[in-house]
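109 is the number of the first residue of the sequence shown in the working numbering; add one for each residue after it.
Among the hints, erroneous ones may be present.
Claimed, not checked - Each pair of labels, with its calculated beta carbon distance range:
1) D192 to L328: 29 to 37 angstroms
2) S616 to Q584: 44 to 52 angstroms
3) R138 to L389: 23 to 31 angstroms
As the list claims (entries may be wrong) - List time: in silico DSBU-like cross-link candidates among lysine-lysine, alpha-carbon distance up to 30 angstroms:
4) K252 to K201
5) K205 to K238
6) K455 to K521
7) K148 to K229
8) K244 to K201
9) K490 to K546
10) K209 to K188
11) K201 to K265
12) K546 to K587
13) K144 to K209
14) K148 to K252
15) K490 to K587
16) K209 to K265
17) K252 to K188
18) K244 to K205
19) K476 to K521
20) K587 to K476
21) K229 to K252
22) K265 to K205
23) K205 to K252
24) K587 to K521
25) K205 to K188
26) K455 to K490
27) K265 to K455
28) K238 to K148
29) K244 to K148
30) K546 to K521
31) K238 to K265
32) K546 to K476
In short, the hints are calculated from the structure, not lab data.
No residue lacks a Cβ here, since even glycine has one placed at the ideal position from N, Cα and C.
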Amino acid sequence: MSTSAQNNLKGRNARMAAPTTAVERLLDPRIPIVTKTDLKGRITYANPAFVEISGFTLDELLGQPHNVVRHPDMPRDAFKDLWDTARRDEPWKGLVKNRCKDGGYYWVDAYVTPLTQNGEKIGYMSVRSKPSDTQKAEAEVLYKAINAGSASFPFTKPAKGRPFVVDLVIVGFLPVMIALLSMFNIPALSYGSAAASFVAAALGLIWLKGRVEHTNNSMLQAMRALAEGNFKHEIPESSTREFNKVHTAFKSMQVNLRAIIADVISSSSEVKNNAEHLSQLAINLMTRSQQQSDGINGVAAALEELSVSVSEISEATGKSSAHAKNAMDVVDTGAQSMDKSTQATQKVAQVVQDAKQNIEELNRAVVKISNVTRTITEIAEKTNLLALNAAIEAARAGESGRGFAVVADEVRKLAEMTRQSTTEISATVQEVQSGTNKGLETMGRAVDEVNIGTTLILEAGESLQAIKVASRGVAQSAKDISAMLEQQSQASLEVANSMERMSALTESNVAAINDLDSAAKQLASTSGDLRTLVKHFEASL
């Protein structure tokens, strides 16, 4: 077995094993389903009715074997009979149970005919209609019996009929036989045979004429019915083979026309609905286009206001940049003054520090003076004590010690004066030392305040430096903002121009939509006319 045959067998087995359900779908009796295949049974065309009831998409069907919709309940002999009949270039008719994509099923009354082009067979066309409930029930019983092996499929027999030439032979046989008898030179027989030949010939011609007229009348009735839109008119078969071929061709044409008219009616309705939907879409689109145009005009006005605002902001930004530059100049001047103040404060701090050191040295000198004064006081007290002792000794000596007593008294007085002076000096030194200590405290506080002032001045200098940096940043930002505003102004101008062009395009779109709406209405009118034209065929579909 070839690879292709193996693949086909695998595909068929897979389709036969596909799951099925008991859900039946019913055909619309007015709309037959139509498919076309190539000579190998691959689908080349499927009308919307077939696509809808099968559940497959058109892309899923095209190029696939037609048995993609085969139901496992169908006997294999039915399709063998179909193909055998189609290969004889004869139509095949029968009931078929097909499988939907979702596993459901539907019954059809199928009519399969060969497709020809320029006299050459190119494929097959299948036109399927809705069968009656009785037909479905009978087919269901028959197919179950065939699958169970208790019945056989009623195969389609090849087309029969007597060739027309046989009728001609029959009509001419009796006259010829009578003419042969007349050749025996029997006078009585000769006259009788001549009359008999004439009568036989006349009767044969009358019989032949009747057969031809009967067949012709049947075809005329069928053609009139077809012209009236009756696609269900049945044509009786003829016993003449040539007439049967015409009957078969006419029947195929009848079925094909029925399928074409049904598709035209369905398509005209769909076109009309689509045209009405398209017209409604055009109206909605026109409304939205008008809203868009109003929106564009509103945006254009807003852009114009934005352009004015941008100009004002740009002007204000320029002023801010100038103010920032002035602030930078003021900050530079303040920074210079701060530097000078810092230097002066530092000099004051140095002077105060020097004065503090001088006062500290004075304090140390006062301490020394206090120490010296204390020493002198001690010497004076000791001198006073010695003078007192000398006076006592002089008194003991009497007259001889009188002079020494005077000296001792003077020494005592001098010691007393010295003590008093040293007391005053000590008091003065204490006052000086107290003032010196207060001076030191004041100088210490002055140094602290000067240091605090120096720190504050330095911090102020740093703040001014930060203000300077910030002012420089503000100036740069103002410059950047000015540049961006200029770009924004340019962009706004470009957007405004684009909006103007868009407004023009919107107006063009509105005109095009009007044309589209008119075309859709014309299409709806045309499809309505087409529907009216074929409406009288609808009742016989």
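**OP:** Would you mind confirming whether the straight-line C-alpha gap from K205 to K188 stays at or under 30 angstroms?
**Re:** holds (15 angstroms)
**OP:** Verify the proposed pairing of K490 with K546, using a straight-line Cα cut of 30 angstroms.
**Re:** violated (35 angstroms)
Subject >> Agreement of K455 and K490 with the hint, judged by alpha carbon distance not exceeding 30 angstroms >> reply: Roughly 52 angstroms between the alpha carbons, so the hint for K455 and K490 is violated.
Original post:
Is 44 to 52 angstroms a correct range for the gap between the Cβ atoms of S616 and Q584?
Top reply: holds (47 angstroms)
**OP:** Starting from K546, check that the Cα of K587 is at most 30 angstroms away, please.
**Re:** violated (60 angstroms)
Subject >> Agreement of K229 and K252 with the hint, judged by alpha carbon distance not exceeding 30 angstroms >> reply: violated (35 angstroms)
Original post:
Can the suggested window of 23 to 31 angstroms be confirmed for the beta-carbon pair R138 and L389?
Top reply: holds (29 angstroms)
Original post:
Does K546 pair with K476 here, judged by a C-alpha cut-off of 30 angstroms?
Top reply: Status holds; Cα separation ~18 angstroms.
**OP:** Sort out whether K188 lies within 30 angstroms of K209, counting only the CA atoms.
**Re:** The hint holds at about 23 angstroms.
**OP:** Assess, step by step, whether the Cα of K238 is no farther than 30 angstroms from the Cα of K265, and give holds or violated.
**Re:** Distance of about 24 angstroms is within 30 angstroms: holds.
Original post:
Would the pair K148 and K252 pass a check requiring their Cα atoms to be no farther apart than 30 angstroms?
Top reply: holds (28 angstroms)
**OP:** Would you mind confirming whether the straight-line C-alpha gap from K244 to K205 stays at or under 30 angstroms?
**Re:** Between K244 and K205 the Cα gap is close to 9 angstroms, so the pair holds against 30 angstroms.
Going down the numbered hints, you'll see the structure goes against 6, 9, 12, 15, 16, 20, 21, 24, 26, 27 and 30, while the others check out.
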